[in-house]
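Residue numbers (the working numbering), protein chains in the order written: chain A, 1 to 340; chain B, 341 to 677.
If you're looking for bench data, these hints aren't it; they were derived computationally from the structure. Check before you lean on any hint, since a few could be wrong.
[What the hints assert, rightly or not] Here are the simulated DSS-like cross-link-like pairs (lysine-lysine), alpha carbons at most 30 Å apart as the crow flies:
# : chain 1 : residue 1 : chain 2 : residue 2
1 : B       : K365      : A       : K67
2 : A       : K45       : B       : K431
3 : A       : K282      : A       : K58
4 : A       : K45       : A       : K67
5 : A       : K58       : B       : K431
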Amino acid sequence: MNSVQTLFFGIREYLSPVLKNSKFKETGCITPEEFIAAGDFLVYKCPTWNWESGEVSKRRDYLLVDKQFLITRNVPCLRRVKQMEYTDEDAETQIETEDGEEAWVATHSGRAATNIEEIASYIEGDEDEINKKLINPVLEEVIDKEEVDIPDINDIPDIDDEVEEGVEEEEDPAALVSSSKVGNSYDDCPSDKILQVRTYDVFITYDKYYQTPRMWLFGYDEHRRPLTSTQIFEDISQDYAKKTVTIETHPHLNMSLASIHPCRHAQVMKKIIEKMNEESMKKFELLQNQYINANAGNSNNNAPPQVEQAQVRVDQYLIIFLKFMSSVVPTIDYDHTISA
Amino acid sequence: MSLLQFVPFSSAVEAPFWHTLSSRKIDLYKLDDAPQEIVGYYSTGHTLLSQDSVEANITMPARLCLGSGAFHDLNSSRLPPLSYHSIGMIKNTNTVEEFKQLDKNALFKETTKQIVNDIISGAAVNDPYLLTRFVLVTFADLKKYKYHYWFGFPALLTEPPWVIENNEVKGITEVWNEDEIEALRINYELFKQEHPSTCTGFFLIRRSDKEIKIGNLSEWDKFFGNCNDEENERMIGFADPSSLPNNPGWPLRNFLALVQNRWNICKINVLCYREIPGKKDISQSRILTVNTQNMVKIADECPKSVGWEKNTQGKLGPRTADLSDLMDPKKLADTSV
Numbered sequence: 001m002n003s004v005q006t007l008f009f010g011i012r013e014y015l016s017p018v019l020k021n022s023k024f025k026e027t028g029c030i031t032p033e034e035f036i037a038a039g040d041f042l043v044y045k046c047p048t049w050n051w052e053s054g055e056v057s058k059r060r061d062y063l064l065v066d067k068q069f070l071i072t073r074n075v076p077c078l079r080r081v082k083q084m085e086y087t088d089e090d091a092e093t094q095i096e097t098e099d100g101e102e103a104w105v106a107t108h109s110g111r112a113a114t115n116i117e118e119i120a121s122y123i124e125g126d127e128d129e130i131n132k133k134l135i136n137p138v139l140e141e142v143i144d145k146e147e148v149d150i151p152d153i154n155d156i157p158d159i160d161d162e163v164e165e166g167v168e169e170e171e172d173p174a175a176l177v178s179s180s181k182v183g184n185s186y187d188d189c190p191s192d193k194i195l196q197v198r199t200y201d202v203f204i205t206y207d208k209y210y211q212t213p214r215m216w217l218f219g220y221d222e223h224r225r226p227l228t229s230t231q232i233f234e235d236i237s238q239d240y241a242k243k244t245v246t247i248e249t250h251p252h253l254n255m256s257l258a259s260i261h262p263c264r265h266a267q268v269m270k271k272i273i274e275k276m277n278e279e280s281m282k283k284f285e286l287l288q289n290q291y292i293n294a295n296a297g298n299s300n301n302n303a304p305p306q307v308e309q310a311q312v313r314v315d316q317y318l319i320i321f322l323k324f325m326s327s328v329v330p331t332i333d334y335d336h337t338i339s340a
Numbered sequence: 341m342s343l344l345q346f347v348p349f350s351s352a353v354e355a356p357f358w359h360t361l362s363s364r365k366i367d368l369y370k371l372d373d374a375p376q377e378i379v380g381y382y383s384t385g386h387t388l389l390s391q392d393s394v395e396a397n398i399t400m401p402a403r404l405c406l407g408s409g410a411f412h413d414l415n416s417s418r419l420p421p422l423s424y425h426s427i428g429m430i431k432n433t434n435t436v437e438e439f440k441q442l443d444k445n446a447l448f449k450e451t452t453k454q455i456v457n458d459i460i461s462g463a464a465v466n467d468p469y470l471l472t473r474f475v476l477v478t479f480a481d482l483k484k485y486k487y488h489y490w491f492g493f494p495a496l497l498t499e500p501p502w503v504i505e506n507n508e509v510k511g512i513t514e515v516w517n518e519d520e521i522e523a524l525r526i527n528y529e530l531f532k533q534e535h536p537s538t539c540t541g542f543f544l545i546r547r548s549d550k551e552i553k554i555g556n557l558s559e560w561d562k563f564f565g566n567c568n569d570e571e572n573e574r575m576i577g578f579a580d581p582s583s584l585p586n587n588p589g590w591p592l593r594n595f596l597a598l599v600q601n602r603w604n605i606c607k608i609n610v611l612c613y614r615e616i617p618g619k620k621d622i623s624q625s626r627i628l629t630v631n632t633q634n635m636v637k638i639a640d641e642c643p644k645s646v647g648w649e650k651n652t653q654g655k656l657g658p659r660t661a662d663l664s665d666l667m668d669p670k671k672l673a674d675t676s677v
């Protein structure tokens, strides 16, 4: 772990002159170097993410060879967005009362924001607070249980129903016969059952044109078959599906994936970062006053709080970006938490 | 005494794998359908605990994954974080008829034989990932972007089967104290850093009142020398892909076969190591004691094995991945906005 840390700090130091000239606070955009620094920070903080190099022929020379894009695999997606939208006001109020003073509305509640600006305005409060709420999203009970019983047309296979294909298996009492059930059913599910859910592989690439990160999704159904684009849209907040989310060719793989179009990412990121900086400046001033009061009269025994600590650093960019993305894909439970 | 039942692997093929297979078929193998070596990976199982009482806990299946790096050799194939290598053989047929008529039992037996040979020769002691060998038969319909496939995860049959002593599988937190659990986690992290990925999925543990030690299978005799069995000091551990409380994952089957044949063990403590990814939390690990009446050594004759994956209907049969939506240029034109 230590070596990772050393490496990480090494990289950060190496890049720091670049970061000082950064325009990310003014524009919301980041440079490829900053993307890599932010990616390193994400991988360090959330080890389920890692760097990949992708197809050799599609390598971008402004990124490091082994750090072309980020990926996290097998991320569970418990329910469809539609199911979340069945709920009434409950979900929202729950979130509001969790911490009395600031009403931060998670779009998890199904009350999806109508446009991207609204999301930015929702994401206020300091980082810890956002964390706290996103770590414990209040998810509501699935009301429509009947949906589970509708047989899935996709379950009818092509080749599968044909001949036995000549495989012989011995009697095997030591194999657990799968008692798994397909997800979305929450009634008295005993804890020793495997609940099958959709999973996603989530990618973050660097979009050179928009100078922002870009998120890509590849989904698998409960039986690990790739999802169709129609199915993927079920997991995207309805206000985004087919508008800001499109199916396009992955820049580093020979494959088409659903992607959240980055045309407004910079604006939103700028807003979120501004809000976070404002909040933490307030906190900083409070701390500074406390410090001055506490140290009045006696000589310094503690270092005064530094103003830099109160500002969002560029290497935190992707963590903030992921929180922003979680409003577009509210049901995909990827790791955007800061563990330490 | 209850029967020890193992959770079978569920195959999880990443879509880029099929793409890589297609391009290799076209550019490299052409009509050559000789089996090729591939590299898979698996991670430890864990349960996502529900945030409130309404929801059920989410228990993920024990996945054996194949990514686009599956065709690289072991050293250059990059292992996703917090996962373990597995090695397999892919047989890609040229036609759907060949796929149907292929003698799959023979392929399965061949892989079983390799596992047995690795146990007898001791190769599996140095590189225990060899215990997780698998077989994959495929037919790639390149025009329709459809892939028919069938995984087999051979496990040697033990007769009579292993049973769980006292009928108890306990959570690690019920048996060990917090300091011990943390010591185990840290020592295992160090063990993983110090050893190649081919041997970190299976390991030895010695728990005394002073410390928790982790060892490599190849140091068995030295590591367990003057071990006090009465005190339950001797323990084997493995990275467990299962997330079920009472059932360890498939890799333990061949591991137990190795332990029994190599070191004449008929009763042993087992630690099912389960880590919540990225959370430095191993509190979902399970501990059990297993034993068997089987004293028969794996003879020259190949023992019986099981482990063909069932399809989505729960029957023995192949599966199909349809990637036309994501790879077919015609269909892509329809969905793009």
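Status of each hint after checking the structure:
1. K365(B) x K67(A): Holds. K365(B) to K67(A) sits at ~28 Å (cutoff 30 Å).
2. K45(A) x K431(B): Violated, because 40 Å separates the two Cα atoms, which is more than 30 Å.
3. K282(A) x K58(A): Violated, at roughly 45 Å.
4. K45(A) x K67(A): holds (16 Å)
5. K58(A) x K431(B): Holds, at roughly 29 Å.
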